[in-house]
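Taken in order, these protein sequences are the chains called A and B. According to my numbering, the first sequence is numbered sequentially starting from 102. According to my numbering, the second sequence is numbered sequentially starting from 488.
Among these hints, one or two may not hold up.
[As the list claims (entries may be wrong)] Below, a list of computed lysine-lysine pairs in the DSSO-like style, where the Cα atoms sit at most 27 Å apart:
1) K609(B) / K156(A)
2) K667(A) / K703(A)
3) K106(A) / K142(A)
4) K683(B) / K142(A)
5) K609(B) / K752(A)
6) K629(A) / K752(A)
7) K554(A) / K871(A)
8) K755(A) / K699(A)
9) K610(B) / K158(A)
10) K809(A) / K666(B)
11) K699(A) / K683(A)
12) K156(A) / K594(B)
13) K665(B) / K755(A)
14) K249(A) / K609(B)
15) K683(B) / K145(A)
16) K142(A) / K629(A)
17) K610(B) / K666(B)
18) K683(B) / K546(A)
19) K687(B) / K755(A)
20) K755(A) / K683(B)
21) K665(B) / K752(A)
22) K683(B) / K752(A)
23) K145(A) / K610(B)
24) K752(A) / K809(A)
[Unchecked claim] Just the calculated beta-carbon pair ranges, DEER-fashion:
25) M692(B) / K546(A): 34 to 44 Å
26) E663(B) / L543(A): 24 to 34 Å
27) D549(B) / K182(A): 51 to 61 Å
28) S697(A) / E663(B): 43 to 53 Å
29) L801(A) / D549(B): 36 to 46 Å
30) R590(A) / D549(B): 35 to 45 Å
31) K594(B) / K156(A): 19 to 29 Å
32) Q239(A) / M692(B): 36 to 46 Å
33) E663(B) / D135(A): 33 to 43 Å
34) K594(B) / L801(A): 30 to 40 Å
Derived from the structure by calculation, the hints contain no laboratory data. We treat Cβ as the ideally placed atom computed from N, Cα and C, and that holds for glycine.
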Amino acid sequence: MRKEKFPIGIPGVNLREIEREVPVTEPPAWPINDKLKHVGKSVKRTDAILKVTGKAKYTADINLPGMLQGRMLRSPHPSAKILSIDTSAAEAFPGVKAVYVLRSNMSGAEPKGGEDNGYPEIKYAGQAIAGVAAKDGQTAEEALKLIKVEYQTMPFVVDMDEAREPGAPLVFEQQVEQEETGGGGGGAKGLEQQGNVRGPSTKSFFGGPRGDVEQGMAEADVIVEGIFRTQVQTHSALETHGIVADWKPDMLTVYASTQSTKGVRSEMASIFDLPESKVRVICEYMGGGFGAKYGAGNFGVTAVNLSKISGQPVKLMLDRKAEHLAVGNRPNSWQELKIGAKKDGTLTAIKQESYGTAGIGLGAGVGRVAQAVYECPNFLTEQYDVFTNAGPGAAFRAPGNPQGAFALEQLIDELAEKLGTDALELRDKIDNSVVRKEERRLAAKAINWSRRKKPGSDTGVIKRGIGVAQSTWPRLIDIDSTAEVRMYRDGTVEIRSGVMDIGTGTRTILSQIVAEELGLEPEQISVKIGDTLFPNGPASGGSKVSGSITPAARNAAYKAKQEILKQAAPKMEEKAADLELKDGMIVSKTSGKTMSFKDALKQMRTSQIMTSASREDDYGGFMVGTFISHGDLGSVQMAEVSVNTETGFVKVEKIVAAHSCGRPLNPMQIQSQVNGGVIQGISYALYEDRVMDKNTGHMLNANLDQYKIAFSMEIPDIEVINIEEYTARSSTDAFGIAEPANIATAAAVANAIYNAIGVRLYELPMTPDKVLKALNLV
Amino acid sequence: MKKEENKPAGKKGFSRRNFLRGTGLTAAGMVVGTKGFAGEFAPAAAPVYGPDEVPVTLSVNDGSYQTLARPDEVLVDTLRERLDLTGTKLVCGRGACSACTVMVDDKPVCSCLTLTMEVQDKKITTIEGVADGDELHPIQQAFIDEDASMCGFCTPGMIMSCKSLLDRNSNPSLDEVKKAVRGNLCRCGTYPHVFKATLKAAERMG
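Just chain B, with the same shape it has in the complex (with noise of 0.2 Å):
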């Protein structure tokens, strides 16, 4: 379950569902948050929003859009609820089960557990930006070859994830591919054929 080196927490300290609700041991990362999180948030010189609404820009799948958001708002609530993009499911809401994965400046996150304030001058990319237009990425077409999606709901995170393995690792193992996706939760049971489709995708890019 732990993905120390993929969660949001571990990287930038903050958010509002790991400091409000105090949710315990759930990944090594949070933990490390939440030590970071005095230090972090206490500086005179961070930005103050709210309470209400603010407007907000975005850079997501290289298109930008203007919204508004809460200051406590999390990025998953605003890409389905503000922008409609809901192929990023909300699952435990707790970064307990990766479905909400998206790529925050290249690096995997929970979006579940990242203030939509926090990454307004970074790169976003969600499941809807994965393919090139109508070219699907290798790790999507090798998802549609080996039947590695079949309810498809942890579907979306699980290819945020095993396209962030791919991105760093043109030539993994079998148990670095198992290692890159033990914070995804699928209930299906796809992990086998999510583990030969990721092998596979780096196979065919070579």
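Just chain A, same shape as in the assembly (with noise of 0.2 Å):
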């Protein structure tokens, strides 16, 4: 180890140098943004222009010799026992080469024992249960209709509230496990299970309970509680989920729309008893997925086996009604929040109590805001999933989060109102985070905070109204994330990683740290990411990439650029100590003298120099487990809506949101990844909404026309603020946006909706008939 000094803090607030022990294998400290010349800028995305002229690759472009088209035979029926499969007149259509039908089913929750009659148990409408690989896609959607199932259909419950009342029927017999992930899927194990209803969770991310709540209640000078609700949101990503999966006798290659190579590969070497080595998933381009896309799924294990079976490669993507019904939503909850505080505002408990759905999955929890957000020595969650016939949830983007963020963030503003205390002014007492305090700062100044009226106190139909909500995320990282380096004889420079860039930049942020760190231009670095024949990457979940991966990309590029500054220092006859790489050259410290940088590599030993690092440990023991760094971004968002209390409509004007990801990368890059949480948010806010009837157990829906989704004339003037800082961690000291940006906007519109009309929704989404409703209107 040795020791260096970092930048710390926030430029213009509280900037100052902090020494920490770093590895002798990494690189020197990097000053702030200001001094670096590609990293902090806004280098254009290095792959824009194969997106902007078609020619990007996404899975479901592959087309490969001989590729058949996989297509998927689902449940019409929400809750039923499959008596028998007779797929021999399927098997004999002309033109089939394949036909698969699932033993079980492979997402969601999962029973412990129970009988297994070879079918998959049918829990919702939707639910997989065979495939047909054919010559085309027509002959293979006419083949499935040749599959005769024989079903026993059995009760059902789609609706949370009819699930949680006795004598509901059963989604499950058995006692059920779904383990937890990172980013919020699956549930702790072994909680108590009661009908549809299982928990209570009472931790989420970090620590548990804390303190004693029902004596901080008797303290409190002041209770505000309520009760409040929010619905079903699917991801609808444009590109479905889907494979093409060519099985071949050496080795299983796997082209998948996904958000972790990694995780495809493990969980099919897994289930089809190969070794890792012998399976490769290539993702170089992805339509999107918010967390929607992890794992084989019951579409890749079902197109797999059609390869095997056919030989041939099956290509099998999901059409839109399936994404909406069987690889993922939002779960909706029901949540109980109670807080109390002291009359100059200290907070003396937080209370809640929340039930919610992910359908036959775990993961309904509604996330650490409550838990983590303000200071308050008193604290409990109790989180019940509750079981129901519909479509497994997911992790989408900030699990739980936005949820848990439209009931606490509604319920300080009533405080501060119950106080007699503007909304930041209570906030700047009782939230001890520096970032946030400077984010709202900026924020106010932004949306011009000080002409914000009293609740309801605009004249005239429509009335204008202007909101804060606050939220904060863990800075997660995964250690199992490496890159290499490469330089060639020929000059040129590559770096190689197993990560994807799903949208959110991840090959441009990788040029730029590479060429950072060589003394070269971004776009000298190639950047060949996306292949499980690469070095492991992050999972692009939990917004960890940038945090992740960016460090182990320079330090690969540190140890490449010592071997190569080793190798040219006796031809310049200098001291490599003594050399340093910038703008394309290699210069010495002492005399002045010069070597390009391709001539350096032109007499290299090796045709190649490669190297590579993989993410180590924070600096400064900031370590827990294996995964989770702890400490938080923080983020302010302030909202301006208008509502037309004749209709009911709600309109939002302006959205300013503040941000902190660390050491900012591509500022460019971070204004799109933020515009995109707040337009989803503002569309779970208002429009999105998974209608289920619970007469057929069907999605009412199940489209992007009834499922409404905002477009473009729904998107307000969005003004995002970046504030650096800097909290030496690691060599890039840099962490992901994404998640933080989609949490606080829902509350921050109900919060300025309420500020317009002087009447709470406690409910999402907030349509017109909600708003009527509140209005005493209708």
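Fit the two chains together into the complex; they arrive one by one in their own frames, and the hints show the way.
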């Protein structure tokens, strides 16, 4: 180890230096962005040219020689036992090359024990049963109709409130488990299960209950409480889930639309009993995931089996309806929240109880917003999962957190009003985050907070209002993140990692990091990612890509640099330690002698230099377990809305989004990410809603016209404020931004609506009917 | 979500998905199309194709392609599956997201609602044909400059809608840009940068 001085804090607020011990293999500390050439600059997205010309090849675009088209048979019943399946007519249909029947359901919670008749138990309408591979899609679709399935239908329940009732049809007869994931999917092990209700879980991410909530409430001068409801939201990525499977005797190759190449590889290896070395997973371009695209999935297992049976590659992409039904959603929530405070605003207790349904899956908690945003000595949360006959939930951009913020931030506003203080002043008092304080100051200036009126005091039919909401997100790190840097004799430089770019800009930031370290231009760095033949990268989830892979990339580049300097030193008659790389040249810091980087590469001993590095623990001992590094990324969002009090129509006029993500790597891409989080947040706040028919158990709006998402006409003016915040945690000190950007928006819009009309809305989405109801007009 | 002037069904009348699936009140254009259906389809003069695949000749991006297509095949499938022009994306399959937008005789249409048989004698332009060789169209360059593409799956359709606007209107307002892409779904949320890029491209094209 050696000692290094790092910048720490926020420039203009509390920037200072801190000394940290760093491993000797790691590069010297970078100064703040101002003094860097490529990092922290809006370098253009390196793969944009392929996207704007239609040349980027997504999984859906892969065409292999002899490739068959796969289609899936899905259950029309929400609950049923399959008695028999006859595939003979489908197999005999001309053009059909393979038929495969699933033995069990591969996604959602897993029941322990129970009978197995060789067919999956049907627990929701749209559940996968079988697949067909044929010479073209139409033939496969025709053949599906020839598969004869004998069902014994059973009682079902799709409504959460009904599922909680005693005597409701049981979704699972047995105890179920689903492994917890870092991103918020699955659930804690071994929790009590009664009827369709499982829980309570009293933990989320870090820590559990603290203090004594009852005592805290007793000490309170003021108590605010409310019941909040949020809806089910589907991910609706433009590219549906899907894979192209190519089974060969010596290697299974899978092109997958996934957020984790290494995750798909390990699942496929385990399911098909193959060594991981014989499974290759490729994801070069990916049409959106938002948390739903992990693992092999029913469709993936089916496609690989179809390829194995037919001996030909098989493409199996879900259709839009199946995408809504079967491969993930943000669970709904019913949440009772109660906050106690002293007259001066000091919080004395927070108590949260929630129920949510992730269909047949686990993971319907409401996140750690109430637990983590404000200092409060007494805290208790009890979160229950409720099973319903609907497709399994999945991690969705800050799982649980928008739900949690919707309740917490509305109640904090109510508390401010009760105490007769301004919503920002109260937060200044009870929120000890330095970064959020600065964000509040900048955001308030940007939206001109001082013009905010008393709730409901705007005159006229269309009333305007302004609201604020805050959030936090942990700094997640995956230490299984490795990058390899190659320098070739012809002067080219390449970086390789299995990490993906799912639209977040990974390729671009990797080129910036390597270029900065090697004194080159970003366009000189060739970035090869999204393939398990390269070293493992992090999964694209938990906003952990930037924080996990960029230090590995810089460290690998640093090692390669040291090797080339060592080789160049004798030729330049200099000591390697005196040499540096700058603007494409090797320069001696002592004599000023130079040699071009290209010339040095031409004279390498071997035709290529290869170095690799993995993500080490955070500097300063900030490591908890193997996955999570603590601390928080803060965000403050402010919304201005107008509400038509005759029609109930809400229009978001402006959002100011102030965010931190450590050392910002590419401001333009950060702006894109925050825009995206805000827009998904507005869409969640006002429009999106999965509608289930209680009588048939079917989703009524499994398409993109009746499942309403914000389009261009709903986009407000969005102003993004990005705070540089140095933490001295790694060689790049960077963190992600995707999830923080999405958490506070719906809550900020809700608070703005209250400010406009003087009546609070407790349920999402905040559609015109709910506004009119709140105004007592219907 | 509505883009009446751009919807193929409003212009041409019948389409396989519109007809077979009865998709409801998605776009005003489709309702018009359904009304026009009986009148346009009935005349005995309509050519009869199929039921199997038949040879077709398509003019795509200034090239002539001879391929096969089923009578009920939609253009997006022919482009993607038979001609390997995979830049055009299939997302919703019912005219609700505009990801599959291509130009037919210089007008934007949803290729998921356009029968291949209908466009045999027409000029088809896909995203692969927007650039002039290696020289990008100003709208493509502006998408790069303004970071208007994230995952990129909506980008081809988005660019076709923006280009179509610029073909018609060399000096659009922000509101006109919003209206031009109001049928295009982007789940990543690139809209603010798409608006900027289109205004910038207009500026550059003078």
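- Which hint numbers doesn't this structure obey? Hints 5, 6, 8, 14, 23 not satisfied by this model.
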